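Asker: For reference, the chains in residue letters:
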Amino acid sequence: MTLPVAAAHLAGFARLLRSTGFGNVPEQTVTFLDAVRLLGPRSMTDIREAALATLAPQPDRHREFEALFRAWFWGDPVAAADGKDDEETQVKEDGGGREELPVPEESFPAGEMASSTETLAARQFPHEDTDLTRLRRCLPAAIPKRRSFRNVRASRGRPDLRRSLRLIVRSDGDIFDPILRRRPQVQRKLLVLIDISGSMKLHTAGHLRLAHAIVRNADRAEVFTLGTRLTRITAPLRIADCGRALARVAETVEDWDGGTRIGPTLLALLSVPRFAAFARGAAVVILSDGLEREGHAEMEQAFRRLKARAFRLSLLTPLAADGRFRPRTAALAAVLPYLDDLADGSGIGPVADFILSLARPAKRARDIWREVS
Amino acid sequence: MSPSAREIAAASPEVLLARLREERYLADDGLATAIFLAIRLGKPLLLEGAPGVGKTEAAKVLANILRCDLVRLQCYEGIDAAHALYEWNYQRQLLAIRQSGDREIDIYDDRFLIARPLLQVLQAPDARLLLIDEIDRSDHEFEALLLEFLSDFQITIPERGTIAAKVRPIVVLTSNRTRELAEALRRRCVYNWIDYPDAAREAEIIMARAGDVAEATAAAIAKAVRQIRAKPLAKPPGISEAIEWANAATVLEKGGSPWPEAFRRAIGVLVKDEEDMQYLLPQLSRIVEEALA
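Chains as they are written, first to last, in my numbering: chain P, 1 to 373; chain L, 1001 to 1293.
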């Protein structure tokens, strides 16, 4: 069955939103068409309000939504362009509705992929090994816990009246020892985001070995690399042998030691529902120097949205190893209010220490750095 | 409330807007459209916005307009099926088994079922308005628990089968957006983001809601509150705080304080955070005087 021309145009708008990562689903398109029919529609405002109510764009993306709306229904190229930079428009043009990360490919001359593989395997220091061993041993106990939503049978806890009753009925009214239940503690998710740009080159190898130790020892951990684009490396890191795992990572990731686009890559992470769900209720650890190449507006937006999902949001920067470090760069100052921790990320030792302390309460980063400065 | 009464109240967004206004709730077009669509499409309405912009109030007023009872489910961390849907009355079940002796007894009878808000709404003979308040406070597993209810207005009880709504209820969910809700929940709902109103409409709201406030006072309060919200505060004041500020300042003024002074003294009902207060106090005189000018 084909749609009438007008309806097809409306449905096309829903598809356009989906292709730019708004995460709406076909069911919402049907509701949208219903809503437009119910409203008349008597004017463009009706269509716009119907779209807002049924396709439900996130409030912090309203401006982007407006720009797309104008571009689609009025053919307003100027508005489309000033919504965001080229990337949205580029994805929009193929319009296939496939879930592609809205991060454009950029060519960086320094594509030293082969050499980076060697760096990963080569440098190993004895004290780093002890740090990693400590991390492996202590990690399961040190990850923040939450109470599971499910009840399990337990030897101590509250009586499970429902099961006990069934038991009693089965045995014709004789009362046995009641069955007890408890909501067990489960590990929170751990989401590790590793900056692999040129400015972090010295630390990348250590961070990846850490990530390997984390993935192997935590119940639910996810690892991504951030560079000019976003790469999920959890699967290669599951290989038991560290050397082989890192070699596979080196093959998977394509943007070693390039520039940094922290904001856009984090937004790309958040625009894929499956990836964004990893951050929900998770301890999010970002290993990055926070040096954003261009403006920091997107970085701020990304951190705000991450904070809204995460249990704890931490940024570990190697720069903080220096006692004179203060979060004064525009980008860091802008994201500081959203951070739970801004701590030292120089090498395996400090990062391992930090991750092992994640479950312990700490002052918010803003308050700590206010006292220091 | 019969379905037709529902259609009369929500004949068009404009009619609804007027009815809301009669109930002294001044909505913007977006909200009126969203409510209209939620009623006519038979979908839940999800209202998000900063604390104190009138999300819960919208639901209460809507219940008034549609003349149906409001059932409220306040969410909190750890809320689960036994608090929101239903629970069996195990003590009574046990007693019934003992008393029955040799007779057959159905221990999964209605008598032993304790209906919690969601089930109450489904069992009600007439339509109810269900308000699921501050859904963002609940655990995200609880959102998943709501999905069956929100898409089909039914609850499945293993011992009893599926219980569907007799009359389709109207459901309003509110969220302060302290965390992002699951996409699955969002897409089942008609969505509206309630923003702070502009100064003129806020003045109108203050006039409509506050007891005995002069028009000039309301306008000044609206202007000043708008200025204060633009500051980087930990807790920006909501509309309800602005109304209280207007009330408090009016009371103080009648008690003999001159205008700018009354505003300053009543600031405690507007800003309720020590650090925010320290930040705001030095600038407060200027903001108030600008607003009064």
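No lab work stands behind these hints, which were simulated from the structure alone.
Among the clues, some could well be false.
[To be verified] Below, simulated DSSO-like cross-link-like pairs (lysine-lysine); rule was C-alpha separation at most 27 Å, straight line: (1) K145(P) / K307(P); (2) K363(P) / K307(P); (3) K1235(L) / K1223(L); (4) K1272(L) / K1235(L); (5) K1272(L) / K363(P); (6) K363(P) / K145(P); (7) K307(P) / K1231(L); (8) K1254(L) / K1060(L); (9) K1166(L) / K1223(L); (10) K1231(L) / K1060(L); (11) K1223(L) / K1254(L); (12) K363(P) / K1223(L); (13) K1235(L) / K307(P); (14) K1231(L) / K1166(L); (15) K1060(L) / K1235(L); (16) K1272(L) / K307(P); (17) K363(P) / K1235(L); (18) K1272(L) / K1254(L).
[What the hints assert, rightly or not] To list a few chain L residues with every Cβ distance to chain P over 10 Å, as calculated: (19) A1034; (20) L1037; (21) E1048; (22) V1061; (23) L1094; (24) I1097; (25) I1107; (26) R1177; (27) R1179; (28) R1187; (29) A1262.
This one's a predicted model, so the numbers in the text were calculated from it and none came from an experiment.
Yeah, the Cβ is synthetic: ideal placement off N, Cα and C, and Gly gets one too.
Asker: A separate judgement is required for each hint: does it hold in the structure or not?
Answerer: Tested hints:
no. : hint                : in the structure
1   : K145(P) / K307(P)   : holds, 18 Å
2   : K363(P) / K307(P)   : holds, 16 Å
3   : K1235(L) / K1223(L) : holds, 18 Å
4   : K1272(L) / K1235(L) : holds, 8 Å
5   : K1272(L) / K363(P)  : holds, 21 Å
6   : K363(P) / K145(P)   : holds, 19 Å
7   : K307(P) / K1231(L)  : holds, 21 Å
8   : K1254(L) / K1060(L) : violated, 32 Å
9   : K1166(L) / K1223(L) : violated, 48 Å
10  : K1231(L) / K1060(L) : violated, 31 Å
11  : K1223(L) / K1254(L) : holds, 22 Å
12  : K363(P) / K1223(L)  : violated, 36 Å
13  : K1235(L) / K307(P)  : holds, 17 Å
14  : K1231(L) / K1166(L) : violated, 49 Å
15  : K1060(L) / K1235(L) : holds, 24 Å
16  : K1272(L) / K307(P)  : holds, 24 Å
17  : K363(P) / K1235(L)  : holds, 19 Å
18  : K1272(L) / K1254(L) : holds, 24 Å
19  : A1034               : violated, 4 Å
20  : L1037               : violated, 5 Å
21  : E1048               : violated, 7 Å
22  : V1061               : holds, 18 Å
23  : L1094               : violated, 7 Å
24  : I1097               : violated, 5 Å
25  : I1107               : violated, 7 Å
26  : R1177               : violated, 7 Å
27  : R1179               : violated, 5 Å
28  : R1187               : violated, 5 Å
29  : A1262               : holds, 33 Å
In this structure, the hints that do not hold are numbers 8, 9, 10, 12, 14, 19, 20, 21, 23, 24, 25, 26, 27 and 28, in rising order.
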